[in-house]
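J.: Starting from the given sequences, assemble the full structure and let the hints guide the process.
Protein sequences, first through last, are from chains A and B.
First residue of the first sequence? That's 1 in my numbering, and the numbers climb one at a time after it.
First residue of the second sequence? That's 1 in my numbering, and the numbers climb one at a time after it.
These are calculated hints, taken from the structure and not from any lab test.
These figures come from a predicted structure and were not determined experimentally.
Every residue, glycine too, gets a C-beta built ideally from N, C-alpha and C.
Careful: at least some of the hints might be erroneous.
Derived contacts from chain A toward chain B, CB cut-off under 8 Å, selection only [as the list claims (entries may be wrong)]:
no.	residue
1	PRO82
2	PRO86
3	VAL92
4	PHE94
5	ALA96
6	LEU100
7	VAL111
8	ILE115
9	GLN116
10	PHE249
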Amino acid sequence: MKMTDSVAAVQPAAFRLEGVHKRFRSKDGGDVVALHDVSFDVKPGEFVTVVGPSGCGKSTLLRILAGLARASQGEVTLAGKPVTGPSRDVGVVFQAPVLLPWRTVMENVLVPAQIQGRDVKTSTERARHYLQLVGLEQFHTKYPSELSGGMQQRVGIARALVNDPALLLMDEPFGALDAMTRESMNVELLKLKERTGATIMLVTHSIPEAVFLGDRVVVMSPRPGRITQIVDVDLPRQRTLELINTDHFGTYVSGIRANLHATGGLD
Amino acid sequence: MDLSKSESTKADLATSVAAKQPSGSSGAELFEQGINPIKRRLMIGGFFVFVILAWHWTVTWTGVSHLIFPGPLSVAKSVIDGFESGEIVRHLWVTLYEILMGFAVGATLGFLLGAVIGQSALMEAVFYPYVVAFQTVPKVAVAPLFVLWFGFGMTSKVIITATIVFFPVLANTIVGLRSAPRDQIELMRAFTASSWHVFRMVRLPHALPYVFAGLDIGIVLAVIGAIVGEFVGAQAGLGYLILQRNFSMDAAGMFAILIVLSLIGTVLHALVRWIASRVIFWTDAFADLSRST
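T.: Below is the structure:
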């Protein structure tokens, strides 16, 4: 935390969480603590992954950053400004691609641009650009039902990027995909990150995925959801799938797994 | 390779939709796939001939009077006579006008009010009890009042028809507007969508299959509404003609009108389904919905 504080002094953080708590009222009237004293910040251009078992509040954390939920306590800022609701500078990808089935791929990618009333011509150009980056440029007239699950999720990513958001939030974006598609999507996402320079926070329950993608891995434990560890991943920026088989990679994965064990996250 | 595969599945879907249309039935196509089209047509035609012959023989063998239960030949003759003399055609236009106008008015009001009520649980709590109270009153019982208020002309029938069509469209619109998946709405919100954007881009399109299911029920009810209105008091229309022929003991003539009415209902029903399949091209949910309702 000390180190990130000094960085924040030099350049404003892409986002910053300071002592964030989130409580829900359960059906029997009691309080459920979803997040307990969560603090960390992320530099512009950084790729942060948040890993933890289900129920650790990692999705709640993402929803708070997206402006879809409010913290019960604590400070949440995007580029120095407090988060009061959904922001035009944020792109979001959920686990399900949730494309609109009556819109073509291109029309789906343009949804955020239309919502925000952006210029049609430049938006279409950008949409074309991002569809090309996710490898779907020749599919822009197809309907979602004509695409595979992996392709649909890539459309979802292009859609999240179409307004050139400063921050991309991804909530288990590859959770519904088969293992092979998931791996290749991971590699593609890193390439995309390289080319766009976007700041990304990705939530996952897969430890290898978190290590493979993240510059830093935020490890969370459940009930109440809190950060138990923040791991700097000192692996080469250019990552390939072969990396997964190296000892170095394995050390990170087993280290995080041991941490989750110790905090009761893998019960 | 992925592409060609998905294209062929889309083509399959399109043909199955197209094949579904003329028969007007749904859910049967799975069973028909293996049967060759000539055999299929022979079976359909054969059964029709069987029904007509069974009707004819029953009437002849039992020796029942034509004045009470006419055979297919005298009914067919009456249909042809009715069209040739222009009598049926003249009354048909009146009834068809009442059906279509009543349907248009009832469906429009049902949809608009449904869109308002479907906005929130609060709106529903405030308005819906009145709608239900209105619906529980049998429209047939109210029909004489409408005739009293709006006269023996077509206006009273249009209004009766509209009140009958109104409810299924309204109820389906409300349910439909609630049917949009939560995460789709959340995602729109995350992209800073206003309630209007969410309504227009997500909730309304998601509601369309439900709305069309309501329209499908409504168009069939509209035929009943127009006839009921004409029974209560009218100067023209097929319902009026039924009563007139009833007074003159013309059973074959009444059967002829029933056939015309059933044809009107069938054609309008098929028309609504055809329009639905064009508008809601992205899903075959409409077929499932109308089957269940």
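J.: Each of the hints needs a verdict: does it hold here or not?
T.: Going through the hints against the structure:
Violation of the interface hint for PRO82 of chain A is found here, the shortest Cβ-Cβ separation to chain B being roughly 16 Å, above the 8 Å cut-off. At a threshold of 8 Å, the smallest CB-CB gap from PRO86 of chain A to chain B is about 5 Å, leaving the interface hint in force. For VAL92 of chain A, the interface hint holds, since its Cβ comes within 8 Å of a Cβ in chain B; the closest pair sits about 4 Å apart. Checking PHE94 of chain A against chain B: minimum C-beta separation of about 6 Å stays under 8 Å; hint holds.
A hinted interface residue such as ALA96 of chain A counts as satisfied when its beta carbon comes closer than 8 Å to some beta carbon of chain B; here the least separation is about 6 Å, so the hint holds. Nearest Cβ of chain B to the Cβ of LEU100 of chain A: about 7 Å, under the 8 Å cut. The hint holds. Contact between VAL111 of chain A and chain B, as hinted, is supported at the beta carbon level, the nearest pair being about 7 Å apart and thus within 8 Å. Evaluation of the ILE115 of chain A hint against chain B yields a held restraint, the C-beta minimum of about 5 Å falling below 8 Å.
Taking 8 Å as the C-beta contact cut-off toward chain B, the hint placing GLN116 of chain A at the interface holds, the least distance being around 6 Å. For PHE249 of chain A, the interface hint is violated, since its Cβ never comes within 8 Å of a Cβ in chain B; the closest pair sits about 31 Å apart.
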